[in-house]
Structures are given as C-alpha cells and as structure tokens.
Amino acid sequence: MRSLPLAPALSSLALAVALSGLACFEDTPPPSGGEGTDESESTSEDEASADEDTSAGTEVGTESTSESESEESTSEAETTEDESADTEPEPECGNGVVEDGEACDDGPEPPLAEGACKPDCSGVIETRQLLLGEVLSDGDLGNNPVATVDAACPVGFEAMFADGVARRATTTPWQSADPIDWPVQPYTRYVNDQAQEVWITDAVALIGVRDGAHVPITNIIASNGRCDPFCISRDMVSGLKDDGTTLTSDNCNGWSEGGIGTQGSVGDFETGEYVTGTVACNFNVDLLIDTYRPVCVEQ
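Using mature numbering (1 follows the signal peptide of the UniProt record, and there is no 0), the letters of the sequence shown correspond one by one to residues -23 to -1, 1 to 276.
FYI, nobody ran anything at the bench for these hints, they're computed from the structure. You can take every hint at face value.
Simulated crosslink set (DMTMM-like; lysine to aspartate or glutamate; CA at most 20 Å straight-line):
| id | residue 1 | residue 2 |
| --- | --- | --- |
| 1 | Lys218 | Glu250 |
| 2 | Lys218 | Asp158 |
| 3 | Lys218 | Glu247 |
All chains, please: the whole structure from these sequences, using the hints.
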C-alpha cells in the first residue's frame, strides 16, 4: 500500500483551525434588543413631542381663557359705564338748582317768607286768610262739635278747633304729630281781613308757635277781634291747650254742656294764645260784655 505524504495533511488542518478562529472574532450582529432601544428612543421623543404639544395647547388654552375673561371683564365694565352714563343723579333738594321732581329750590336755608321755596322743594309759601267765625252761643256744640264750629265759618274756610276725635292739631306738645283734618298748614303765610301778615308757619302747623314755645303773632288775627267800642272782650274758642294739644279738661265736658256749672278754656285773638283763661260754658248771653268765636282758616 502506498502512503500519503504527512505534510500536506497537516497544512490543511492548520488552515481549517485558523479559519475557525477568525470566525470567532467577526462582528456579532446586534441582538433583537437593539431594535427595542431605537423604538424606546423613538417613543420617548414622541412622548416629549406630545408633552410639548400638550403644554403648548395648555398655554394656548390658558391664554385663550385669559383673553376671554379679560374680554368679559372689559364688556362688564363697559356695560357698567354705559349704565352709569344713562342713570341720572337723584334730585337734591337744597342745592339751589331746580331739578326733576322739584317745584323750586332756594338752597339749603330758604327764607320763611311769601313766595319762598318750601324746604322740601314741593312748592312756594302761599298766602291764606284768617277770619273770625260767627258767635258761639254756649259750650254745647252738639253730637259733632267740629261740624258745629265749621258751620260758624264762611264757605271755603274751616275752624281752627280741635275736639281730639274728628279734628286735632297734634299729639305732641309744640309739634305737628299725627294731626287729623287740621286746617292750618305748614309753610303757609296767614293774613287777617286787612291783608296784614299774622303768621308764617314752619314745619309746625300752629299759629303763634315757634321752636317749642308760644310767640306773639305779628298782627291781630282779625280786625274785628277787638271789642272797641261795643264790648269788653272777644275770646277765641279753639279746643287747644297752650302747647297745641287737645284740651282734656275745661272743655265744657267734651263740648256737650252749655250751663254755668262747667268751664271752657278760651284764648286771645290779639296775641294768638290758645288759652288765656276759662269761662262758664253758658258763654254770657249779653253780647255787649263778651263774645266767643272760632278762628276760621281759608282752605
């Protein structure tokens, strides 16, 4: 048998081993995880982009909301300004300017004089007349004393007389509180039958009363209020106490008796005082000695 040479065989073996070793040092292909990394990076980028978009959207939304709120606020402010511009200020009585709802305005301290504006700006001080009524025969004035005394006055006049039921001047001394059908008015100028000024009332609708006290009137209530030359005196029958409240005594027993056994209070036409004394309720039939009359107030 013929033997093969040993050297070529060894050379072939060495070559195979070398080739195998080289194969071990070739680049290993990236594991499948490499693709995941790229995907992760891509996802992160997408999320970041989404966050930016969301943030941008939020900012845009916030800006839009702020702008909307600002526009609404501006609109409300403009509406308020428009309403303020359209709303006229309330009239102010006493500022010297005649405004809507005012008849006049003479300033904060208008004079107490004929033609002057009343303090409430409702009109001017007007003039009314005072007269003496017919003679009252006694203190028995019937079932309706006010109607009886009113009948002693001419048409268009009412008696300055109070019984506390059908008519009264005040429930508070020296004031005008809760009057009933009282003929004297506040802020009115009263004159006598000779056109002489007797009194100008203020807020208190009482002749001859000012600042919580009686004040003598400017002129006699009526020119025939004096008795000269035919009688000794003429007295006022008003049913009032000196402070303007209604008599509760010395009123001829509620103006129901006309005898000598009861008393009635009487006043003075010259001074305007409501009570200057008392007299028997038969009122002295002798007219040459005394007469008793009401004051009649023009309405």
